[in-house]
Amino acid sequence: MVLRNKPGQRQPRVETSAKVADEIKPTTCYMCACRCGIKVYLRNGTVRYIEGNRDHPVNKGVLCGKGSAGIMQHYSPARLRAPLLRVGERGSGEFKEISWDEALEIATKWLGEVRERDPKKLAFFTGRDQSQSLTGWWAIQYGTPNYAAHGGFCSVNMAAAGLYTFGGAFWEFGDPDWEHTRYFMLFGVAEDHASNPIKIGIGKLKNRGAKFVAVNPVRTGYNAIADEWVGIRPGTDGLFVGALIHELIKARKIDVDYQLRYTNAPWLVIQDKGAGDDGLFARDAKGNPLAYDTKKKRLVNALLADITPALSGEFKLRDGRKAVPALQLLAERFLSKEYAPESVAEETGVPAQDIKRIAAELAHAAFEEEVVLDIPWTDWAGRRHEKMIGRPVSMHAMRGISAHSNGFHTCRLIHILQILLGSIDCPGGFRYKSPYPKQTPPWLKPFGKLGQIAPREPLGGPHLGFPTGPEDLLVDDKDQPQRIDKAFSWDAPLAVHGMMHMVIANAAKGDPYPIDVLFMYMANMGWNSSMNVPDTLKCLTDKDAKTGEYKIPKIIYSDAYYSETVPYADLVLPDTTYLERWDCISLLDRPISEADGPADSIRQPVVEPDRDVRPFQDVLIELGARLALPGFVDQEGSPKYPGGYPDYIVNHERKPGLGPLAGWRGKDGKSSGKGEPNPKQLEKYIENGCFWFHELEPNQRYFKHANKDYLDFAVSMGFRLEPGRVIFQLYLEMLQKFRLAAEGHGNVVPPAKHRKRIKAFFDPLPFWYRPFEGAMLDEDAFPLYAITQRPMHMYHSWGSQNAWLRQITAQNRLYMSRAKAETLGIQDDDWIWISSHIGRVKAQVRTMEGVNPDTVWTWNAIGKRRGAWMLDEDAPESNQGFLLNHLIAELLPQRGGGYRYSNSDPVTGQAAWYDLKVKIEKASGAEAGETYPMFEPLGRPLDSELPDVLRFGAQFKDDPSEGSTRG
Amino acid sequence: MTTLPEKTDKKLGLVIDLDICVGCHACVTSCKEWNTGGYSAPLSDIDPYGADPHGAWLNRVHTYEAGEGHGGQTVHFPRSCLHCETPDCVTVCPTGASYKREEDGIVLVNPDTCIGCKLCSWACPYGAREYDTDHGVMKKCTLCVDRIYNENLEQEDRVPACVRACPTGARHFGDIGDPSSEVSALVRQRGGYDLLPEMGYRPVNKYLPPRERRDGGEHQSVLPALAEPSPPQAKLRGESFFAWADRLLSR
Amino acid sequence: MHPAYSVILFTTASGAGYGLLALLSLGGLMGLTPLHPWMGFTGFLTAFVLITAGLLSSTFHLGHPERSWRAFSQWRSSWLSREGVAAVLTYAPAGLFGLAWFLGETAHWAWSLAGWAGIVCAIATVYCTGMIYASLKTIRQWYTPLVAPIYVLMAAATGALLLNLLLVLFGALAAWALWLAVGALAVAFLAKIAYWFSIDNARKTYTAESATGLGRFGKVRPLDAPHSRANFIMREMGYAVGRKHSRILRRLAVILLFAVPLISTSIMIAYIDGALLPLALLATVSAGIGVAIERWLFFAEASHVAMLFYGNERA
Ligand SMILES: Nc1nc2c(c(=O)[nH]1)N[C@H]1C(S)=C(S)[C@@H](COP(=O)(O)OP(=O)(O)OC[C@H]3O[C@@H](n4cnc5c(=O)[nH]c(N)nc54)[C@H](O)[C@@H]3O)O[C@H]1N2
Ligand SMILES: Nc1nc2c(c(=O)[nH]1)N[C@H]1C(S)=C(S)[C@@H](COP(=O)(O)OP(=O)(O)OC[C@H]3O[C@@H](n4cnc5c(=O)[nH]c(N)nc54)[C@H](O)[C@@H]3O)O[C@H]1N2
Ligand code: SF4
Ligand code: SF4
Ligand code: SF4
Ligand code: SF4
Ligand code: SF4
Ligand SMILES: [Mo]
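Protein chains in written order, with the numbering used here: chain A, 8 to 974; chain B, 53 to 303; chain C, 60 to 374.
For the record, the hints were derived by calculation from the structure and aren't laboratory data. Misleading hints may appear alongside valid ones.
[To be verified] Heads up, incomplete: computed chain B residues facing chain A, CB under 10 Å, no partners named:
no., residue
1, H128
2, L160
3, K170
4, D227
Source: prediction; values computed, not measured. Just so you know, even glycine gets a beta-carbon here, dropped at the ideal spot from N, CA and C.
Work out the full structure, taking the sequences as your base and the hints as a guide.
The following block contains the structure:
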């Protein structure tokens, strides 16, 4: 019986219109790199609530689990308080607080001395930097070649493969056409940088009934809601994609017109074994590539618009040698039995019939479900097209591909699959975001060659660029790397994002040379962003036996919190939180554009710092002025940007008219892209919610690589130098140049020890090979693949200080297949040893069904060092949680006494985090309950009070202005 | 007032789409963030930086696996108060602090009169009541009663914090009692279901089940396999492919 | 369910108190016990102390004890509220009757009406206590018709033992009281055995599959809990006693709560004129501990439906 209210019974009155804020300020989130627009609700100067900005192009109003926990990040007890100067040994955490004047003086002295003597002895690496256009420019003006951010351990395989192949990339450079796609394949993504956009997009496409296929060894997160889960074995995606290409070519399901229009498929490749130009494109006297015109029956300039080129056949060149179209070479490779579904099924763990079915579905979606938009457009050659016809197949991939030593070629394979289906930047396909597409590759060479480095001299150009041949490498006359991380050397010729993961080890070894100052910003290199953490810590603390000085003599570090890396610095420059500073998310850097148009944004301070901290960008600009770096001081030598970063954001010009922000430029604030600095620019941004978005005209929105109206627009905005189209590189000639060098051709050739490797991996056509660690180790001794995934609610190491987020995951487990665990006598909650060829880690197990049976995995960066982040010493993060990084070697296993390469992709130098192979054993009862290895607890320079109970929010209720009435 | 209203004018509630929930916890932290400073303030956290961090949260997301091996599914499962129509959590309350609102059916706890006896939490089969040990008061999802009518917020923001934040659009808010509402339509179209209907609490919130998977298993592709290759005697690999391509081009 | 010590103490003490109150009043009203003023004084005082201590201790587990007065308001629907009302109501008639006893005024019909009213209120209070649990559909082990009667029977049995102790102290031991104790103990024992049998053999109708509605895909197992440390629900509802442990405790409860008091009381019947204080004490103390164990088990063996969301397979 249900008892009902009596008539007239009164229920309590609830205040439903309580005051929500004194003030709501827009800014940009930085709980991760996605950079969503937020609105911050303030009550009495305290952050009351953070919500997504509905108008923002990135997140369109939504907010993720981290973004909504920003309050606890901002009020974290682990926030640094004032500049710190180390007084104890490195790692002890013994510091004294000093004034900013003193801190800046010390930094200026250290940096100034190095610049006087040999600027390359400064290594400036900036981790999770969102102001790379400033930090990079600072490093150029300083004159060191040793600058990069985190790209090298993150996603350079994706960036390089994409930019060299089609002038864009997955990562943040493009998006699936969420509105129109019919078939979406997601490779190796747990979260990505496009955190909210992917979630918005997947939700939309599933509701539209489009099919979503997830290729991932683990079935969690996005992969859990896919219509089909392909539980692939790690490192074998290249084979899987190769087999899809095999099927499609075999069945003639490729978009031939598209190949002709947009790719180098018909370009003729010289076939002349042993010659210095074997495998290069045949070119005419002007350097134009040649094709064979089947109507004119002769060789023609392949770049001309109206030709009928052959896609197969063997053609005689003027000098009598033979050449074949690039597509023929590609087809021959993938039609081979090696890439037949039956041949790859075992290695990939994907049944042949599934591969065939997926290929059939791809073909069906691409060719039977065409998307036609009634939008006329004009192509690069001036030809008008009445409609935009799209192949609604889209793909996205990230670190599951990127973080393997075969990632560059695997990523290229995925792009080639997209291109063969005709699905790049068409309705329903993959779409570029401005400033992409760029030329393949972008016209930018790395600086840092021998003659480009001199005391007191700027570098002359940017550090990171795109080599197009061995002559662009940064090696000296003895083939020694010029950069401390060995980027752009024979070790990693296309390390277009640098190799931050090698800096500490190389610097400590003095290989290729010792450095004087290591200057780092926003990277927890003493912990989760290093491979082989125990040895990394040794490198940071090792001393020279003779001098007694640290091998890395001086370390300056800027962090906002007491991370594991802070105790290893000699001088700590405490940053503000993201709610306390100006920032600039610039098109010169990693933009936040959408496929429908370019965008950039700012952060504005929404609360005042309550402590002696300064925005790092302000500090860098001030250091630039104190060091009198060109560009940071005017003719008289006084600071050029006395107003700090906001001053720089508004007034800095990279080229005349081209500054950090594209919106509201010009004296009147009416220009976009290019224009004079506008003193009111920041106000305009704030008025508009702290972002600028330019919506492209409908006729500019697709085929941007060959769309005249878009290309002209891109030139006008300064995204491109000229309106030429982008030609997709199915066959990547540039790689062949390295190969030829390895065969001894040309002026710049690799030393003998590198030749075999260059020859093997610089194949102009993509191919699959087994990831290095697995290939080099005894697979029986280390039978399992060990990978990590990002939890959606944590950002690397910095989420664990967050009182809300850490409640969600305070301890990570090792997840493994229930069936596999049974064979090892392991059950849920057991403690186990995970061993790799360099060490072992103890962890607690959780068994599951949705995981490839040969794979074990854990949530990334949950394990913490005792004492760090101001967590109690008995925090689960440091006692039961663990870090897989202790097991990941920074160098490949020793082989036959030879040279030890870094554990990286041989082409790009991308850190191969996910090549790790392990074995699992049950720990004994006595060993259960606590993780291993356990490092010395870090000392604490902060005396923040740690509350037993947090009652955040109670203060708003006590506020009399709330007027809450209940009764 | 722990008897139940004869009827409620509306049946406001949430419809949660398990097919697209990715388990991101956005609804969890946005709920915490809004509510710790709102009607239920504070939602205390115990041992926030120590060995046993836990606290009061009005919405939590579980992850389950259902079924075995490749054929199984991983399902993210957000869980908060379902604002039941005939819930014992209300009728057991000795103080009247727990009640169901006549105007919209929201089940609320009055934090000013609750004695913290926890009986209502025992009576809730869904584990949806959250006792705040520090505050000594029962907390629960308020359906953001201090947002959905709040005139200080823009009209389109007058939805629960969790719905406002959810990036995938897996959370829908509306009047489930109104057959013409969007949420009611969703429930009809997608086979929205009640949790533990046997308990007789008649939850208002509904769950939309994961859609059928479209993988090889039982749901073989309806597409024909791709065409078989050229005759095996072809000399050049892909000869017939090229013949086809070149033919195509010389159209 | 998490066994809260304050609640165990409360139900044990107040149950015995109400039992004593009712039986003492009954004895007085029926003329079965001598109306010795000091015996009445001691008996009623003991009963009131036990009841009051129990009630007070029950407020310890409240988040806001200072607001407990509000708990009397919802007697229309809430068994807890009814219990509170009944508990407080009991004081007045029972107190009056106790006073009358002390003053030797029990003969008047008004006083005896108060006595009878006190008995009814005492039984009602204990019954309400039982119904607080027995009305919870969410806990299979509580949602049975045996629970409320067992509460009443336990109160009667422990009350009877206390009464005997009182009668021994005042040299007024009588066979009827001993037989009453034996009877109450025996029936309570049978009821408890029946209860255990029924909860052990009841069908567990709710499953993780039905709770989540995901059974359509197969067996449901939690992969990641919402938060990595236990939350309120898990702490409150997640307590579960191991099977082996519970067997031992059940045996212990049977020995202390039923066997020892039954045997002692039987001996007392046989040697009704002997020096029985130690036996009476033994029976009472043993039963007191026994009830506490029984109550602890009552919680520890109860499983809450909500735990299906946290890894329990059935409830
Ligand atoms: N919430 C949150 N968001 C983040 C970050 C964070 O820490 N937290 N970090 C940011 C950063 S720096 C980055 S680089 C991005 C990375 O974003 P993601 O690329 O999503 O990074 P991971 O979490 O490493 O996910 C890699 C996925 O690849 C799978 N995988 C591993 N090996 C293979 C393989 O061989 N093949 C396939 N197909 N899959 C494989 C793993 O199971 C995992 O699901 O995320 C960014 N966004
Ligand atoms: N096993 C394994 N290891 C990995 C990966 C993996 O997938 N698996 N992923 C790799 C990848 S892709 C990446 S990008 C790296 C990421 O690793 P890191 O680059 O180390 O990233 P975080 O842990 O986020 O650390 C950044 C540091 O920035 C600090 N910080 C936060 N906010 C601010 C601020 O406002 N100002 C300043 N100055 N500092 C701030 C934090 O306190 C922290 O110390 O990890 C890599 N390591
Ligand atoms: S994805 Fe989340 S954490 Fe990252 S910027 Fe957006 S809201 Fe902030
Ligand atoms: S879900 Fe639980 S708390 Fe909410 S109304 Fe239903 S029974 Fe009550
Ligand atoms: S805890 Fe509060 S709301 Fe719940 S039953 Fe007790 S008094 Fe009522
Ligand atoms: S409706 Fe409000 S209180 Fe309820 S779960 Fe959503 S955010 Fe939390
Ligand atoms: S915010 Fe949405 S997608 Fe994320 S966990 Fe909650 S319901 Fe699921
Ligand atoms: Mo990264």
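A quick look at each hint next to the structure:
| no. | hint | result |
| --- | --- | --- |
| 1 | H128 | holds (7 Å) |
| 2 | L160 | holds (7 Å) |
| 3 | K170 | violated (19 Å) |
| 4 | D227 | violated (16 Å) |
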